[in-house]
Each structure stands twice: as structure tokens, then as C-alpha cells.
Amino acid sequence: MKNIETACKKIFRLAKGVQCEVMAEKRDSALTRFADNVISQNVASSALSFSVRLLDGGRSAKMSFNQADDATLKHAISSGLEILKHQKKDPALLPLAKPRALAAGKNLFDRETAELAPSFRAGKAAELARACRKAGQVACGTVDNASSELVLANNLGLFARYRDTSVTHSVTVKDHDGSGWAEQTSHAVNRIDFARLNETARAKAAASRRPRDPKPGKYTVVLEPQAGADLITFMSAYSFGGQFYNEGRSFACGKLGKQVLSPLLTLEDNALDGAAAGMPFDYEGQPRTRVTLVEKGVLKAIVHDRKTAKKAKTVSTGHALPQPSYFGPLAINLAVKPGTATLQDLIKGTERGILVTQLHYTNLLKAQTVEMTGMTRNGTFMIENGKISYPIKNMRFTQSMVEAFANIEAMGSEAELLQGWGSISCPAMRLSGFNFSSATKF
Amino acid sequence: MFKLATKAIEIANKYKVDFGDIRIVEERNQAVAVKNGEIGALTDQTTLGYGIRVLYQGAWGFASGRDMTERAVADTTLKAIAIAKASRLLMHGKVRLAPEPAYTDFWQTPFLKDPFAVPVQTKLDILFALDKVLRADKKIKSSEAEMTFMREHQWHMTTEGSRIEQVLLNSGACITATAVLNGESQLRGYPCSHGGQTLAGGWEIVEAMNLADHAERVREEAIALLKAPACPTGLKDLIISGNQMALQIHESVGHASELDRVLGYEESYAGSSFATTEKLGKFRYGSEIVNLVADATLPGGLATAGYDDDAVKAQRWHIVKDGILSGYMTNREFCGRIGKERSWGSCRADGYSNIPITRICNLSLMPHKGTTEELVAGIKDGVMMENNTSWSIDQRRLNFQFGCEIGWEIKNGKKGRILKNPRYQGITPEFWGSCDGIAGPQEWRLWGVANCGKGQPGQRAMMCHGSSPARFRKVKVGVHG
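Sequence lines, in order, name chains A and B. Counted from 1, the first sequence has number 93 at position 93 by this note's numbering; the numbering is strictly sequential. Counted from 1, the second sequence has number 1294 at position 294 by this note's numbering; the numbering is strictly sequential.
These are computed hints drawn from the structure, not numbers from a lab. None of these values were measured; they are calculated from a predicted model. A hint or two may mislead.
[Stated by the list, open to error] Short derived list, chain A residues pointing at chain B, Cβ under 10 Å:
#1 49
#2 107
#3 110
#4 114
#5 144
#6 148
#7 184
#8 185
#9 187
#10 188
#11 212
#12 363
#13 364
#14 372
#15 396
Heads up, the beta-carbon is just placed ideally off N, CA and C, and yes, glycines get one too.
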């Protein structure tokens, strides 16, 4: 921290009066990966990076580097100043914003998590692998932990600091031709229920053996939290960002205030104290605000950075990515409001449908309807008369998400924290008329 | 740098590791882009650090650092050894590496003009001019013109005595226009969208693209697509051209032939492969004209280098020969599992901070004969598709769906009107088995994939896929939700 502060002061001095913004990130991470019931990778990384943006009356340059010695700083900043000198003015370029008061945000730093030893990670992998080997199953997955510290400072007086930790246990178990998956992420290792995750993945793998051939078509689906979160995240990224909205490429264009999605869907972005909280300021140093994107199916708002806000004649909601940004603003602390149904209730209420554990290789096909494709993975089951009747081979969906999330029949009560394009808290949910366009061979 | 590297090797030897290496990597990345008439990116990034790998009593450990002092290198080496000791808690047998001679060498990407010596303002001037042409019609709501350049300088030293210095250079560019009207949007790009075309070489790569000659066409085709009919649905003959062939090769053959995936070591993330080892030398992957060759010596290839990150010398080999599965992408750890005494050399790491893993090499579909026109002439009812917009494939690389920027109807041997939202689905061996025409060498060209993701922690790798347009029979096209 002290080193970062010192480097910032040196950089500001070198910037010689032009506007200067420094983003510094220190990250220590470690990951133990296992497959085929053995540790296959065991790695640790310690990184520090600086990104410096110089702005001078419509001219800009950005230099990034990972060494903080005086020679590197001097070379980087003088190169940037040289670029400014020869650059034509871009009248649309925004100057740096004046510092604003920032909330402290949630404390998501846990020292025990930051300091996990390689033997702890290896031990957790070994517990699962030994149980799997005994049962004729194969364990694959990861145990990883990281601590990060981010400083965003500028020579107008901003000095914002955020630090957090993270730990994830991700389990994939293969049982002959069956497979199962479970994963949990938290900022604190004592919140990870290793035993439950191992048991869930192992049971699912056993239950998904000898899958039958399914018939493509429209089905009611029960999406477990990862599957639902994957789709919600895509819809948010390509629809609720100010740039897509301003360019007319979002399905939300002209529909704010209208009931477009299911009354069971309420979606907010809340970095401050939401279920998927995070950094309380954005990459322009603006305070992150709580934004309700969808309330009971009514489209309420989109998120902005300063640039898209100016074009839309509004104010930033504090959702800027590092500038300049090709993608525009992005909601990265999403939370779907839980309903009242347990996963068993969702299955029980399904006359004929498909239970999806996880989605794989999802991708966007058409922006305006958020039409997507992707595969099911690690546990796909046919539901008949309110019960899981048999495992089925994996299927490909080709489906508009606008249509899918208008067809929510029931929302789960227990949300899980998942990682994707940021963080999202999402429960399981049941949707009707979900289109599966083909199946695969396993 | 080798002096600093020597410290890691000394410590690794002192602890009597089975194998140890250090890669010191200095990278420079520059991105310059104009989006909608404004600067979209203007970044210049340099990183310097080292990754140290040890195989200690048969178990792997890896640690990386950025503090360029002997003391820090020593600490990082000890950290890697401590991690390797922890890995011994869960192992079946000792990891053994396939033998490879020790090399002392210097290798560099050939280039004509250093892209980093071209002034940023020159690049911006070109991009602003392109962007102006792209936005000349109000129906274009999003325009992008971009260039990227990357130089990677590596110093690689192993306990076996290799001392290899390499300088890899690549350059890329593209223009894209998105037309929007009445709730519909259509994208067109040149040479392709999604980050554009990147090849190994210098500024001459960008110059050879002649971007200015294509900006007006890109704009007009994006607008024309708004009113074009949608790609029809059904089983039709398909010709794939542009960078879509690269994606088809990449997803359905490249990843499927990574031996670590095949053996289940990527199961928890990207998945495994249907192309399992008992199929080697026997399995019909495609028709007899399908030959797919991996080549780390290919001029212009993004995976072209003197050596991989296992210190194995660059090679060229068949993955599919006359339609039969004939090889894999390998590293020194796993090649013995298929009876290979030497790795084919396809093990690479992303930057200094990641452990080397098995990656796709440059992988190309070999040309056959004839022209695209002759392929078209042989189709009664079909579609031609060009340039990828969307990709998805299952975790064993069987069921895939791709979307392209533009399609053309083919009726009775003639290429006709353009079609929007062209897509197709298939099952890998059935699809390659339906290939009955590949245009000749005069239409063969190389396409770069500059953002291939794999591994945990996630790593990026770059490679190229060369091909001529190819014809496939009775493919499921026009899949809509």
C-alpha cells in the first residue's frame, strides 16, 4: 500500500500539470487444480500492475506497466506526454471528474483466506479425490484463493482504495458416463462448505449415469443457480449498459417503464450492500449506486458511465469499466431477488420438463432479443409428474432470453453467489417453453 | 537476463529437482482504436516478470514474480519447491518428462517494419479516416477501427541445460460497422470482426490489409443485411469461407486434439474430448480429402516460434491425415501416454505469470483442388457463409453451433442474394465426414485467433488456422430460437 502511494506521488510529479489518473492493482493468488484424482497443477502468482491515464484538453494516452522503479515510471510517463504532444484533439473526450464522497462498502477482506497455505488447498483436493477413488469416481476441480488491492487515484485529489479476498471450491465428478458439478465462492474460507459441495457433485454424477437420448423441442426447464445466472448475466451485459442502449442495440430501447419480463423477476445491481457486493466505486472514481434494472418484470433503468450518461443527458450511475472502454458501462454486482420455492418445489411443480445443473459455452446470437445458444453440462435430467425420472444426454438451446425471462413460472428461494462478468447472486428458477434445438452424444 | 535466470537454476539443482525451468518474459502490448468517431482505446502496456516451474520428486510446483532481483528469484524458486511438496499429497505416480536435447539458441519473428516505431498519431489518423467512411450513413450506429501490436521477449533456461532467447512479434487490425434499424442490428467486418485479423510480423501486416479499400463495402453490406431475408432453415449444402473456417478448425479439431483435454486434465473447466487415445490412427475424423496439419514453423503463424515453453524445438505434424485421426497437441508430460517418446512441442504459457499448458499449435486445413466457383457450381440448394460472429460447442467437442456475419443463397450452382443471421449446427465427425470439396492452394490463406482461452487460472494463447473455402453436404442451417 505504501509503495503504491509513493509510486502515485512520483507519477503525479512526472505528469507535469496534465490531468493524471493512476489505477494500481496488487494481487496475490494461488490455485490447486486436480483431475483424474491427482493434483495436476499447483500454482501461485504475485502481481502488481499500474495503469496511468494522461489527459490534456481532448488529448489522452494510457500506459500500463508492472515495474515501479524510477526509470520505468519516468520512461512510461514521458512516452505518454510525447503522445499527447503530437495528438489531435478529440472534442468528445471527457476530462477527469472531481473527487466525490465514496461509501466504505462491505468489508470483504478475510486474512485467513488471504493466507491459505498450499497444503490446505492440496488437503481439500485430497479429501475429495480419496472418496472418489474409493467409489470408482473421478474427481476434477480447483481450490483457489486470492487477495487483491486496488487503488484509483488522480491528481485532482482522488485516492480511493479497495481490497478483498476470494476463495472458490469448484468440483466436477465423473462417474462412468455420468457427471456432476458443484461450486461455491466466498470472500471467507470459513463460509465454504467443502463437504456439501463434494457430496452434491458426487451424488449428481452417480444419478446421471446411463443417460437417455432426449428429443429436441420446447420444454419447461428448471435452471439451477449457475444456469440461470449465466443467462441473466448475458441479458444484463448486452441490454442494460448505457452504450448498447444509446446505440439502439438493446431490447430495452423504448421500453423503460414497461412490463416486458415476468412479474417474478426483480434484478438489481448493488455493489454497496447487495447480495453480490463489491468495490464501492467505479473505474472513473464515481460512487457506485444501487440500480434497480428490472422490478417485477418492468424495465426500470440502465447503468451508465460518465460518457454514456452525457450522451443520454443523465448522470453516471457509477458503472464505468477502466477507461477508455470499448464495451461501455457494465453492471457487475447483480442480484436476482429470490422467490419462495425450494429446488424441490420447482421440480415438484413441473409436469414434464428438464432440470439443468450447469450451462456450458453460452454465446450471444442476436442482441435485440438476446437470442443465445449454449449446452447443458454435468447433470441434465428429465422431470415427469413432479419428479426427476431419468438422466438425459446434454442438449443445445437456441432461445431468446427476453422471451425466456418473460416465461418465469416460479423463482427459487435460495440464491447462490456466482462469478461471471463480475458477481451475481441468483436462485434456481422454472421457465416454460424453453427451446432445445439439438442434442449431443453423451 | 540469463544471469538472473541462473539463480533459479542453481537453487533448483541444489534441491535436486527432477526438472526445473525459469522463463523471464518481457511483453509490450499496444492497442489503438477509434469507436464511433472517438478514441476507443489508446494503451501501451509493458510487463516484465518470471515464472518458475519445478518437478520435485515427481510433483509439479509453479510460482511467479515480478521483482527482478536475485533475492526475489531465489524466494520464488523456493516457493515453487514448497508448492511441489504440497502437490505430493495427491499423486498416483511420478510425473516424468519426455526427453529433449538441450539447446542454446536465439529465434525471432521475421518482420519488415517495427510497429512500435510507427507513431501513435499516424495510427490514429488512419483509424479516424476509416471510421469516418464507416459512419457515412446514419444507419451505422456503431463503428470500430482498431490496431493491436504485441512483442514478447523471452529468456528460457532449464536445469537440462537449455538457454533459449526468443522475440515474438505480431500485428493486427480490423474495421467493423453495425447497422441498426427498427430493432434489428447487423454487423459486418473486414478482414473479420471480434478483434480482427492478427498475424506474426510487423507493420507490413496492417499495410497489406488495405483497410481503406474495404471500409465503404463493409458499411454498405452491414446496411444491406438489415433488409436481407433470414437464412432459411433446413438441411442444405454449405460452403464456409473467411475466418469461419478458422473457427470451425479451432473449435472442432484444435481443442479436441489437445492431449491434456483428451486425458481428462481440463475436465473441470473447458471440458474433455471425444477424440480419445484408442482412436489414434484408426478413427475417421473426416472425409478422405480432409488433412489437418499442425505446424509451429509456419511463416506468419501466431504459434510459430523456434521452441515451445517446454523447450521443445518447433515441429510440423498431422492431426488428421486423409481423414484419419493421426496426432495430438502434446507437451512433454503427457506425450508418453500415447507412446510418443518425444513431444510434438505444443506447450505454451500466457506471459510470465502462468504455468505452460498444452495449447493448440497453428492448425490448418490443407488445400485440395479447384476454385470456390467450382464448389458453388456443384450445389443445387445451399448457402455460403463468411466470417464468424458466434461460436459454441459442447465440452467433448461434438455438438457445435456457429453464427456468421453474412450468407449468400446458392441455387442451381449459382451464388445469389445475401442472407442475414446465417447459422449452422453439426456433430464434429459427421460434419467433417460430409466435406466433399476444398478449394485449391490459390485460395488458401491464414487466419489468426488471438484470444483463445483455456486453463485455470485462465490463460490466453494465440495461433493461426489456414484454409481455403470448403464445401459440406446436408448441414443443418438457419437454426433459430
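So, going through the hints one by one against the coordinates:
1. Here the hint on residue 49/A is kept, as its CB sits about 7 Å from the closest CB of chain B, short of 10 Å.
2. Below 10 Å, beta-carbon pairs count as interface contacts, and residue 107/A has none with chain B, the closest being about 25 Å; its hint is therefore violated.
3. The beta carbon of residue 110/A is not positioned within 10 Å of any beta carbon in chain B (closest approach about 20 Å), and the interface hint is therefore violated.
4. Hint status for residue 114/A relative to chain B: violated, with the closest Cβ pair at about 16 Å, above 10 Å.
5. The beta carbon of residue 144/A comes within 8 Å of a beta carbon in chain B, closer than 10 Å, and the hint placing it at the interface holds.
6. Interface restraint check for residue 148/A: the shortest CB-CB distance to chain B comes to about 13 Å, outside 10 Å, so the restraint is violated.
7. Annotation: interface hint on residue 184/A violated; nearest CB of chain B at approximately 14 Å, more than 10 Å.
8. Interface hint at residue 185/A: violated, since its Cβ lies 13 Å from the closest Cβ of chain B, which is beyond the 10 Å cut-off.
9. For residue 187/A, the interface hint is violated, the least distance from its beta-carbon to any beta-carbon of chain B being 18 Å, above 10 Å.
10. The restraint placing residue 188/A at the interface with chain B is violated, with a minimum CB-CB distance near 21 Å, outside the 10 Å limit.
11. For residue 212/A, the interface hint is violated, since its Cβ never comes within 10 Å of a Cβ in chain B; the closest pair sits about 16 Å apart.
12. For the restraint placing residue 363/A at the interface with chain B, the shortest Cβ-Cβ distance is roughly 5 Å, inside the 10 Å limit, so the hint holds.
13. With a cut of 10 Å, the hint placing residue 364/A at the interface with chain B holds, because the nearest CB-to-CB distance is about 6 Å.
14. For the restraint placing residue 372/A at the interface with chain B, the shortest Cβ-Cβ distance is roughly 8 Å, inside the 10 Å limit, so the hint holds.
15. With 10 Å as the threshold, the beta carbon of residue 396/A comes within range of chain B, its nearest partner Cβ sitting at about 6 Å, so the hint holds.
The structure is inconsistent with the numbered hints 2, 3, 4, 6, 7, 8, 9, 10 and 11, although it conforms to all the rest.
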